[in-house]
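J.: So the chains spell out like this:
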Amino acid sequence: MKPLLITHGRVIDPASGGDGLADILIRDGRIESVGTGLSDPDAVVFNAAGAIVAPGFIDMHVHLREPGIEHAETIETGARAAAAGGFTTICCMPNTLPVNDSATVTSYIVQRAREVALVNVFPIGAITKGSLGEELAAIGSMRSAGIVAISDDGRPVMNARVMRRAMELARAFDLPVIDHCEDLNLSAGGDMHEGRESVRLGLGGIPSASEDVMVARDLLLAELTGARFHVAHLSTSRSVEMVAYAKSRGIKVSCEVTPHHFAITDEELSTYDSNYKMKPPLRCRYDADAVINGIAAGVVDAIATDHAPHAGNDKMQEFERCPFGITGLETAIGLSLAELVHKDRISVNRMVELFTTGPANILKLDRGTLAPGAPADVTIFDLDSQWTYDVQQSLSKSRNSPFGGRRFRGGPLATIVDGEIVWNRP
Amino acid sequence: MPIRGVKPAGLLDIESLERTEIEGILERAHFFQPEDGQPFRRLDALRGKTIVNLFYEASTRTRVSFEIAAKRLGADTVSIAAQGSSASKGESLVDTLNTLVAMRPNAIVMRHAASGAPHFLARHLQIPIINAGDGTHEHPTQALLDARTILDQRPTLEGLRVAIIGDIAHSRVARSNVHLLAKFGVDIVLCGPPSLLPEEFEQLAPGVRLAYEMTEAIRDADVIMMLRVQLERQHEAPMSSGEYFRFYGLRLEHLALAKSDVIVMHPGPINRGRELSSEVADSQSSVILNQVENGIAVRMAVLERILGGVQ
Numbered sequence: 082m083k084p085l086l087i088t089h090g091r092v093i094d095p096a097s098g099g100d101g102l103a104d105i106l107i108r109d110g111r112i113e114s115v116g117t118g119l120s121d122p123d124a125v126v127f128n129a130a131g132a133i134v135a136p137g138f139i140d141m142h143v144h145l146r147e148p149g150i151e152h153a154e155t156i157e158t159g160a161r162a163a164a165a166g167g168f169t170t171i172c173c174m175p176n177t178l179p180v181n182d183s184a185t186v187t188s189y190i191v192q193r194a195r196e197v198a199l200v201n202v203f204p205i206g207a208i209t210k211g212s213l214g215e216e217l218a219a220i221g222s223m224r225s226a227g228i229v230a231i232s233d234d235g236r237p238v239m240n241a242r243v244m245r246r247a248m249e250l251a252r253a254f255d256l257p258v259i260d261h262c263e264d265l266n267l268s269a270g271g272d273m274h275e276g277r278e279s280v281r282l283g284l285g286g287i288p289s290a291s292e293d294v295m296v297a298r299d300l301l302l303a304e305l306t307g308a309r310f311h312v313a314h315l316s317t318s319r320s321v322e323m324v325a326y327a328k329s330r331g332i333k334v335s336c337e338v339t340p341h342h343f344a345i346t347d348e349e350l351s352t353y354d355s356n357y358k359m360k361p362p363l364r365c366r367y368d369a370d371a372v373i374n375g376i377a378a379g380v381v382d383a384i385a386t387d388h389a390p391h392a393g394n395d396k397m398q399e400f401e402r403c404p405f406g407i408t409g410l411e412t413a414i415g416l417s418l419a420e421l422v423h424k425d426r427i428s429v430n431r432m433v434e435l436f437t438t439g440p441a442n443i444l445k446l447d448r449g450t451l452a453p454g455a456p457a458d459v460t461i462f463d464l465d466s467q468w469t470y471d472v473q474q475s476l477s478k479s480r481n482s483p484f485g486g487r488r489f490r491g492g493p494l495a496t497i498v499d500g501e502i503v504w505n506r507p
Numbered sequence: 016m017p018i019r020g021v022k023p024a025g026l027l028d029i030e031s032l033e034r035t036e037i038e039g040i041l042e043r044a045h046f047f048q049p050e051d052g053q054p055f056r057r058l059d060a061l062r063g064k065t066i067v068n069l070f071y072e073a074s075t076r077t078r079v080s081f082e083i084a085a086k087r088l089g090a091d092t093v094s095i096a097a098q099g100s101s102a103s104k105g106e107s108l109v110d111t112l113n114t115l116v117a118m119r120p121n122a123i124v125m126r127h128a129a130s131g132a133p134h135f136l137a138r139h140l141q142i143p144i145i146n147a148g149d150g151t152h153e154h155p156t157q158a159l160l161d162a163r164t165i166l167d168q169r170p171t172l173e174g175l176r177v178a179i180i181g182d183i184a185h186s187r188v189a190r191s192n193v194h195l196l197a198k199f200g201v202d203i204v205l206c207g208p209p210s211l212l213p214e215e216f217e218q219l220a221p222g223v224r225l226a227y228e229m230t231e232a233i234r235d236a237d238v239i240m241m242l243r244v245q246l247e248r249q250h251e252a253p254m255s256s257g258e259y260f261r262f263y264g265l266r267l268e269h270l271a272l273a274k275s276d277v278i279v280m281h282p283g284p285i286n287r288g289r290e291l292s293s294e295v296a297d298s299q300s301s302v303i304l305n306q307v308e309n310g311i312a313v314r315m316a317v318l319e320r321i322l323g324g325v326q
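Protein chains in written order, with the working numbering: chain A, 82 to 507; chain B, 16 to 326.
It is worth saying that the hints were derived from the structure and are not from the lab. Backbone N, C-alpha and C fix where the C-beta goes; we use that ideal spot for every residue, glycine too. Hints should not be assumed to be uniformly reliable.
Where chain B lies over chain A, by a calculated footprint (3+ residues, C-beta under 8 Å) [as the list claims (entries may be wrong)]: (1) 276-283; (2) 295-303.
Reference excerpt, derived from the structure (chain A facing chain B, CB under 10 Å, subset only) [to be verified]: (3) Y189; (4) S318; (5) L350.
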């Protein structure tokens, strides 16, 4: 492979604190050097003038549906959508068929990703067998096979004793425990956020408290066990407050938020469009503002999409019968720029951090940095190009995004994985 | 964008209707009300039109009422109960409706257990859809017939005090009535046990207040609307079952607290001894059967407005 020289871009590298016009020379899949006036006669040159050049973005929360639900997504198509969204690394949740609760399934995903995926894929293993919440999965063997965290995402562990044991084991194996915090008794029968809008629309409500009580429980268990606990798709005001408090107490906690939870609210549901149905549900303005404040205040560690593809016919039903989840890989940068950076809530540097060093530190990945010698994963994006998201052209196998037709200012331009350009904006 | 309200497109909910549209329907319904002892007027305003009544949920009065209303206007009607149809063989709602639309009816009247089902269909089909009750969301023609019934007893809705009592949370009748009455400046009191009366109802429309005690809700009421307890929609009992009637059932002695000419309404079917006593149901104050009768007049007005080309 020829060396790659990215020139004239504004290089932002949160790991080193660097921010300025520079060139990046990549050789043999690794960053060779970052500096001004770099040259190499053999190199392929990528002119990034006017663009931002950042470490490859990491999405620590996606659903790739393979094995078992390939009509909705595959490792190949999901990874392609990730590349088109500016992501160089994605972490896939274990709720496949079968559930990724053993080294066999983990190895299958790792192997398959190596064969077909345009980007790096790191699996997340189940906490319990079959994610049934009862018996611990083969956590140690899965770690040897390549998992970077454990989670029963979507089917949260209700039994606090089981969660305690999982955290103890995770601590021993140095894996973070990612919890989809939802008390299933409180959320039962719910299809959207409980509040004025659910009352108006006559849809079952999912109270914010169903998230908050589990965040509280897990924080206490994290304190008890010393485990690293990560809150998936945090969506409520109280949970932001509790995570901030726990951090001040020295509890090892981190959290992620999704673009949809800070970009839109439950007021979008008036048309009963199932592309607004996900868990946790779109909350009210108060919660969405709290999430944004949490990002600005540094409580939030990462932005993750919870990309959850569903085949068209699954979403073409009565609202209450539709499955939860929306796609998100291709719109994450656009939404983050629109809602956080262009509205002056955070700097673009902080946004890059939320997509790079943030998740990399939680998962202890050797990525998310442009340090010489690091794997050459690079995301190139800009702040001002005008583009419209055409969901029918999505590289995902599914189309269940509420952002089809939305106009964006700024977005991904090119995605480079291990020194190779895997996607260019058409 | 979905087309909502009575547009050429159909009738999906009361919330998005203008007050003047409601007034137009109520006036026209008055025209359709029969003289004492007479049958409903027969017109041929909808001759040659076909209306499909598609009922995904059991219903007697609403379905029959829509059928009679359509026939009195000269339309042809087909009624389908989803049990026993292709819907019970696993066909999706959209496929069922597409199949029906291919048979070129002029409108579909639909009852469905899922909130928003008619709104969902209206986005995907080019045919007027009339909501005959969707889940726990709205039941627009019920609110219209309730308003017609009140107006038969009072000169205007403005300034009235209406108490709606029972399982508010799961009631599409309550939602539609709240939206309609609020548009006319009615003082609305909602009453029920806390788990069946979420606080957010106060924000549903202007003029709504909540009460957890019957006596407070009924004091000085012009109208008392009792709702059925919808056990089938509840995940758990709101309170000990013996206590429900004791605290939220309407008995004769309650009526003394209300205005002397108070009227008692119920969308039916009534459970005697559960939400109201037999004595109340059969009392002079009860207008429950007038509601049933007005159902036909109001639905004639709605069908004519949507399909008849009359303003």
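J.: The structure should be examined with respect to each hint, and the outcome stated for every one.
T.: Results for each hint:
no. : hint    : verdict
1   : 276-283 : holds (count 7)
2   : 295-303 : violated (count 0)
3   : Y189    : violated (32 Å)
4   : S318    : violated (17 Å)
5   : L350    : holds (9 Å)
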